[in-house]
Structure formats: structure tokens, C-alpha cells
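Chains A and B, in that order, are what the protein sequence lines are. Under full-length UniProt numbering, the first residue of the first sequence is numbered 1, with each subsequent residue one higher. Under full-length UniProt numbering, the first residue of the second sequence is numbered 1, with each subsequent residue one higher.
I should point out that these hints are in silico values taken from the structure, not numbers from a laboratory. Any given hint could turn out to be false.
Because identical chains cannot be distinguished in the list, a pair is counted as satisfied if it fits within a single copy or across any two copies.
[Said to hold, decoys possible] Lysine to any residue pairs mimicking SDA-like chemistry, simulated, CA-CA at most 20 Å apart:
| id | residue 1 | residue 2 |
| --- | --- | --- |
| 1 | Lys-211 | Arg-62 |
| 2 | Lys-41 | Thr-130 |
| 3 | Lys-203 | Glu-241 |
| 4 | Lys-181 | Val-169 |
| 5 | Lys-181 | Asn-285 |
| 6 | Lys-157 | Ser-208 |
| 7 | Lys-157 | Glu-63 |
| 8 | Lys-245 | Val-169 |
| 9 | Lys-157 | Gln-85 |
| 10 | Lys-41 | Gln-234 |
| 11 | Lys-245 | Asp-38 |
| 12 | Lys-216 | Arg-202 |
| 13 | Lys-102 | Arg-293 |
| 14 | Lys-54 | Gly-139 |
| 15 | Lys-181 | Ser-290 |
| 16 | Lys-16 | Arg-37 |
Read off the chains here:
Number of protein chains: 2
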Amino acid sequence: MTNVLIGVDLGGTSTKLAFIDENGHFLNKWEIETDKRDSGKYILLNIVNSISEKVKELKIEREQLIGIGIGVPGPVNFETGLVYQCVNLGWGETQVKEILEKETGIPVVVDNDANVAAIGEMWKGAGKGTKNMICVTLGTGIGGGVIMDGNIVHGVKGAGGEIGHIVSVMNDGFTCNCGKKGCLETVASASGISRLAIEAVRKTKRDSKLKEWYEKRNQLTAKDVFDALHEGDQLAEEIVENVTKYLGVALANIGSLLNPEKIVIGGGVSAAGNALLAPLNHYFNQYTFSTVRISTMLVLATLGNDAGVIGGAYLAKTYGDHIRKIKHNSYIKELT
Amino acid sequence: MTNVLIGVDLGGTSTKLAFIDENGHFLNKWEIETDKRDSGKYILLNIVNSISEKVKELKIEREQLIGIGIGVPGPVNFETGLVYQCVNLGWGETQVKEILEKETGIPVVVDNDANVAAIGEMWKGAGKGTKNMICVTLGTGIGGGVIMDGNIVHGVKGAGGEIGHIVSVMNDGFTCNCGKKGCLETVASASGISRLAIEAVRKTKRDSKLKEWYEKRNQLTAKDVFDALHEGDQLAEEIVENVTKYLGVALANIGSLLNPEKIVIGGGVSAAGNALLAPLNHYFNQYTFSTVRISTMLVLATLGNDAGVIGGAYLAKTYGDHIRKIKHNSYIKELT
Chain A
1 MTNVLIGVDL GGTSTKLAFI DENGHFLNKW EIETDKRDSG KYILLNIVNS
51 ISEKVKELKI EREQLIGIGI GVPGPVNFET GLVYQCVNLG WGETQVKEIL
101 EKETGIPVVV DNDANVAAIG EMWKGAGKGT KNMICVTLGT GIGGGVIMDG
151 NIVHGVKGAG GEIGHIVSVM NDGFTCNCGK KGCLETVASA SGISRLAIEA
201 VRKTKRDSKL KEWYEKRNQL TAKDVFDALH EGDQLAEEIV ENVTKYLGVA
251 LANIGSLLNP EKIVIGGGVS AAGNALLAPL NHYFNQYTFS TVRISTMLVL
301 ATLGNDAGVI GGAYLAKTYG DHIRKIKHNS YIKELT
Chain B
1 MTNVLIGVDL GGTSTKLAFI DENGHFLNKW EIETDKRDSG KYILLNIVNS
51 ISEKVKELKI EREQLIGIGI GVPGPVNFET GLVYQCVNLG WGETQVKEIL
101 EKETGIPVVV DNDANVAAIG EMWKGAGKGT KNMICVTLGT GIGGGVIMDG
151 NIVHGVKGAG GEIGHIVSVM NDGFTCNCGK KGCLETVASA SGISRLAIEA
201 VRKTKRDSKL KEWYEKRNQL TAKDVFDALH EGDQLAEEIV ENVTKYLGVA
251 LANIGSLLNP EKIVIGGGVS AAGNALLAPL NHYFNQYTFS TVRISTMLVL
301 ATLGNDAGVI GGAYLAKTYG DHIRKIKHNS YIKELT
């Protein structure tokens with residue numbers, strides 16, 4: 001009988017769920033809508049019901065279920081499984097661990113979604129084989145996960161890994177959603193790149209693919225920038241240089257501080273592949289400490305949208321191991 | 001019979017040594033000259049002889065000696081105790097652990113001096129009670145130690161904690177000893193502050209204490225800058241603003257990445273006390289993530305020059321505990 005780990009990746013639009021075995025192989029993978037009505041009060045119940053239906057459908061025995069690992073889009077107290085807030089879901093303080101454990105009767109581990117994606121990449125993705133790595137997720141915003149010695153660095157108040165809020169524009173930076181100015185997120189996330197592109201086409205007098213597209217659609221995405229770059233557009237090249245310079249110095253400084261084995265770049269923007277990685281490596285090498293240059297590697301994430309559910313499964317597994325060890329120890333104690 | 005831990009802080013001019021008990025109390029503390037002649041070949045032998053004399057003098061029994069913990073001014077392979085290089089000592093690759101263990105017959109732990117100072121501050125200084133902290137040493141250069149979950153983060157090639165080489169001046173920065181431009185060390189170390197001060201007095205047309213002093217002595221130290229600030233000198237205030245802005249953004253970014261409980265500021269420059277800490281806190285708060293602002297504290301180091309020997313003793317102690325545990329386990333194995 002296979003043990004089953006349940007990974008859940010709770011997002012603002014949809015929630016990804018998966019049953020995964022202890023070797024990290026998918027047994028089943030599905031997706032449900034995230035119902036945000038009434039301050040998100042149906043979200044957890046929908047997850048519980050969906051898991052329960054799938055358990056019945058697949059004829060999984062209760063004893064097979066090891067635990068649930070869930071990533072949520074907000075700050076979390078990892079010890080207690082309390083979610084402080086998820087603006088995207090309409091949640092205030094929510095006892096995610098307590099509620100899910102009560103409803104399912106199995107152990108639940110809760111962490112921030114960027115941390116869970118990082119641990120997923122460590123287990124089965126680009127970070128496989130290392131225990132010291134950073135994961136940066138370049139999506140609408142920028143998330144980050146710091147893994148040292150195989151453990152997520154949560155920080156004293158759960159703000160570990162807030163890579164998007166590293167300041168990389170010292171003067172005259174854009175204002176960030178967090179209230180500060182010049183955060184990495186304002187220039188190197190999908191929305192940051194879009195903003196830099198729009199600013200650039202408005203300023204330039206030169207001809208440019210990007211300018212044409214902007215005049216036609218009145219919008220520019222990060223993907224547009226990399227598409228234009230692919231077509232040899234000069235302005236797009238300058239924007240990508242800017243983006244990778246800001247991102248490069250931030251990652252270089254993380255390198256000088258922690259000298260991790262790998263820095264894994266994921267999220268939608270990382271789909272640009274080598275068009276992003278090549279200039280990024282250039283600036284990383286320029287700004288990081290010499291020893292780091294030859295020992296810390298920048299790599300692209302490999303799990304894509306599966307990183308969250310795989311990471312969730314890993315958390316359920318290690319937590320399950322931990323619980324079993326405690327049980328085993330008390331068993332030994334009872335014997336002696 | 002008290003167990004004795006030996007802490008050694010190997011510096012470019014002098015070497016500090018101490019016998020310390022397992023509660024962190026000094027039994028004896030002394031200093032010897034660091035003899036750098038002939039590529040530093042006498043350094044380790046002098047340390048061994050000095051320890052051996054002191055053991056005789058204090059009538060310490062061999063069984064009391066738990067181990068030696070030594071900090072060296074260069075990059076170290078912590079696992080093997082191999083020192084890659086110490087430019088200040090004239091050393092190339094040196095088997096510090098192997099040599100010292102062979103000569104003394106007791107276990108030796110070797111680490112970079114900034115890491116050892118950090119662990120000292122964690123055990124008995126400003127970081128007492130926390131297991132997640134950063135230590136920044138503002139001396140002639142800038143050293144750093146990152147402690148996560150009670151362990152020093154060494155990084156994949158020993159470059160963890162190279163805080164001095166975080167880039168905080170993106171454009172037109174000074175060239176650093178490491179070959180890069182704009183490193184924190186070029187603007188916030190004692191020599192960096194001195195350089196900023198000299199540049200400022202050369203540029204300004206205003207009257208200033210600092211300018212007077214510079215014209216008299218043809219030199220300005222970091223201490224001069226804080227002395228002038230104390231006397232209300234406007235130019236000194238501007239220099240300190242600049243220094244703490246660069247240092248503040250670097251520490252703020254470390255905060256957003258790791259959200260440690262404390263960031264401990266040590267080294268000669270930290271003697272400026274609140275004149276440094278107050279503006280530093282201002283910029284730290286301006287640039288760091290909101291949650292970090294209310295949970296990560298900037299504090300001054302409290303151990304001064306003793307941090308190195310105390311940290312060395314701690315390394316000897318934890319390593320000793322580790323060895324004893326292994327011995328104890330094999331003892332149990334023999335019994336069963």
C-alpha cells in the first residue's frame with residue numbers, strides 16, 4: 001500500500017492539488033477554482049471536500065494518507081500554521097493548520113507559497129541534490145525562498161525570503177505595494193518589466209517594435225519585451241539589460257552573503273530562458289564576490305507550476321517522518 | 001577539575017589567546033606577537049609553544065583540555081580545517097587543523113575570524129539568547145558572520161558572510177581590494193570612511209573642523225569623523241549620513257532576505273556607539289521590509305576584542321560535545 005502525500009498550492013485564482021508518493025511521483029493531480037466570495041470563507045472547506053472526493057474516487061485507504069502540505073500566498077507562522085493575512089484571498093488571520101487538521105484528521109503543514117515552491121525545486125527540481133539554495137519566483141510579484149542546510153529560513157517573524165523587497169534602486173525608485181521605494185519587485189517582476197517597458201516607449205523617439213505594439217494595444221507585457229528582444233529590437237535589449245542589472249546585483253549580494261550552491265530562477269518571467277539567464281549571469285558575475293562567482297550557480301527552475309504541490313508533499317513527508325519518529329520513541333519508552 | 005576550552009584569535013599584528021571554562025568565563029587571557037617572517041612559518045608553532053607554556057604555568061592537566069577553536073583572517077574549509085589563504089599572514093594554503101592537532105594532540109576547529117567573532121557574540125555577547133543573527137565587523141575592512149539556527153553559514157566554498165563585498169554603490173563606486181567596484185567595504189569600513197572624509201574635505205569650499213584637521217595632519221580617520229560630528233561639524237554629519245545610508249541599505253536587504261532576530265554591529269567603527277546606530281536605524285527602517293522593521297533589531301556588539309577568543313572557545317566546546325557524543329555512543333555500542 002503506497003503512502004500518499006497531499007500537496008496543495010493555494011492561489012488567488014485557482015488551487016492546485018496533488019497526491020504524490022514518497023518518492024515524489026504524481027499519483028494524481030487536479031485543480032479547483034479558488035472561491036473568494038465572503039472573505040474567502042469557502043476556500044478551506046472546498047479544499048477538504050475536493051480531497052475527500054478524490055480519496056473516494058481513487059479508493060485510497062485512510063491509513064495511506066500521511067499528511068497535507070499547503071502553500072498560501074501570504075505570511076505564515078510556520079510553527080503554529082497560523083496565516084497572518086492573505087490579501088489576494090480576502091483573508092485576515094486564519095488558523096489554516098487547525099481548521100484543516102480538524103476537518104481531515106491528518107497532519108497539516110502550512111507555509112508561504114514561495115517557500116513551498118523553493119522546497120519543491122530542492123526535492124525534485126533544479127535544486128535536486130543540494131541543501132543550500134535560494135529560489136526566486138519572478139511572477140506578477142517576486143517571491144523568494146531561502147533554504148539553508150535543507151531547512152527553509154523563516155526568520156523571526158516569517159519575513160525570511162522577501163527577496164522582492166530587497167531595495168535595488170537606491171534613488172528615484174518606483175513605489176512598491178509594500179510602501180517602500182525601489183524594491184526589486186518594482187523592476188524585475190512581470191508587472192515591473194511591463195512598467196519599465198511602457199516608461200521606455202513613452203520616452204524614446206526611436207522606432208521600435210515595442211513602441212508599435214504599445215501604440216496598437218496600449219499595453220505591454222514582460223512577454224512582449226522578450227518577444228521583441230527575440231526579433232532584435234534595440235529598445236527591448238536595453239530594457240532587459242536594466243532588468244537583469246537590478247536583478248543581478250540583488251542576486252550577487254545574496255551570493256556574497258550566503259554563497260549558496262544554487263540560485264534557482266522560477267516564475268512566469270523565467271520562461272524567457274536563456275534570454276534572461278545570459279545577461280543575468282553577466283551582472284551576477286560582475287557584482288558578486290570572486291569565490292561566489294566560481295561556486296554559486298544560477299539555474300532555471302524546472303518544475304514550473306508543479307513546484308508548489310511537490311513542495312507541499314515534501315513538507316508533509318518530512319513532517320510525517322518527524323511525527324513517526326516521535327511515535328516510535330514513545331513506543332520505545334513504553335517498552336522500557 | 002574544570003574543563004578548559006582554548007580560544008585563539010589570530011590577527012595580522014598580534015594573536016590573542018584565552019583559556020575559558022564551559023560556562024564562557026575567562027580562566028586566563030594573553031596575547032603574543034604574530035611573527036610574519038618567512039611567509040608566516042613560525043606562527044602556528046609560536047601558538048603551540050605559548051599554549052604549552054601557559055598549561056605548565058597554570059598546572060592544568062592534559063585531561064582538562066577539551067579543544068582549540070581558532071579564528072584566522074582568511075577563507076577556510078570548515079570541514080577539513082584547511083586555510084585557503086591569508087594574505088595578511090603571508091600564508092598560502094595551510095593545513096591549520098592538521099598541524100595544530102598533530103602538535104598539541106587535542107581537537108582543533110578552524111574558522112574565518114569574522115565567523116568566530118559572530119559565534120562569540122551569540123554565546124556571550126549582544127546575540128545572547130538568539131540562534132538567528134548576523135554579525136557585521138566594521139574594522140579596517142568589513143567582515144561578517146551569518147548564524148542560522150545556531151550554526152555558521154559557511155556557503156558552498158566558504159564565502160558565506162562576505163558582507164563587506166555586498167555592492168551598495170551601483171554606479172561610480174570606488175574599486176575594492178577584491179577587484180569589484182562599489183563594495184560596502186569601500187564606504188563603510190574604517191578605511192572607507194576615511195576615504196569618504198578626505199574626498200569630502202577636498203571637494204568642499206565650506207569651513208569645517210574636518211578640513212582644518214586634514215590641512216594640519218594630511219590624514220583623516222573614521223574616529224576623526226565621529227569626533228567632528230560630536231563637535232557639531234556639518235560636513236562630518238553629511239559623511240556619517242552617507243556611510244549609514246550605504247550600510248543601512250545593505251543591512252536592510254539582509255533583513256528582508258533572512259529576517260534575523262538581531263544584527264550585531266561590531267569592530268572599531270562601532271565604538272562610535274549611538275552616533276552610528278541612530279542614523280543607521282533610520283536608513284535600515286527606510287529600506288527594509290515592514291515586518292522586518294518591527295522584528296529585526298540592530299544592536300552594538302558587547303564583547304569588543306574578546307569576541308574572537310570567546311567564539312573560538314565556543315567552537316571548541318560544541319565540537320568537544322560532538323566528539324564526546326560519538327565516544328559515548330560507541331561506548332554504549334560496546335556495552336550492548
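Comparing the hints with the structure gives:
For the homomeric pair Lys-211 and Arg-62, neither the shortest alpha-carbon distance inside one copy (58 Å) nor that between copies (79 Å) is at most 20 Å. Taking CA atoms no more than 20 Å apart as the test, Lys-41 paired with Thr-130 passes in neither setting, with 39 Å inside one copy and 37 Å between copies. Taking the shortest alpha-carbon separations for Lys-203 and Glu-241, only the intra-copy value of 17 Å comes in at or below 20 Å, while the best inter-copy value is 33 Å. For a Cα distance limit of 20 Å, the shortest separation of Lys-181 from Val-169 qualifies both inside one copy, at 8 Å, and across copies, at 17 Å.
When the C-alpha separation of Lys-181 and Asn-285 is checked against a cutoff of 20 Å, the pair qualifies only between copies, where the shortest distance is 12 Å, while the shortest distance within a copy is 26 Å. Neither within a single protomer nor between protomers do Lys-157 and Ser-208 lie at most 20 Å apart by alpha-carbon distance, with minima of 46 Å and 44 Å respectively. Proximity of Lys-157 to Glu-63 under the C-alpha cut-off of 20 Å is found in neither arrangement, the shortest distances being 35 Å within a copy and 44 Å between copies. In this assembly of identical chains, the alpha carbons of Lys-245 and Val-169 lie at most 20 Å apart whether taken from the same copy (10 Å) or from different copies (13 Å).
Taking the shortest Cα distances, Lys-157 and Gln-85 sit within 20 Å of each other inside one copy (13 Å), while across copies they are farther apart (38 Å). Taking the shortest alpha-carbon separations for Lys-41 and Gln-234, neither the intra-copy value of 49 Å nor the inter-copy value of 58 Å comes in at or below 20 Å. Taking the closest pair of Cα atoms, Lys-245 and Asp-38 never come within 20 Å of each other, the shortest separation being 42 Å inside a single copy and 44 Å across copies. With identical chains, the CA atoms of Lys-216 and Arg-202 are at most 20 Å apart within one copy only, with a shortest distance of 13 Å there and 54 Å across copies.
When the C-alpha separation of Lys-102 and Arg-293 is checked against a cutoff of 20 Å, the pair qualifies neither within a copy, at 49 Å, nor between copies, at 35 Å. Neither within a single protomer nor between protomers do Lys-54 and Gly-139 lie at most 20 Å apart by alpha-carbon distance, with minima of 30 Å and 61 Å respectively. Taking the shortest alpha-carbon separations for Lys-181 and Ser-290, only the inter-copy value of 12 Å comes in at or below 20 Å, while the best intra-copy value is 30 Å. Within a single copy, Lys-16 and Arg-37 get their C-alpha atoms as close as 18 Å, which meets the 20 Å cut-off; across copies the closest is 66 Å, which misses it.
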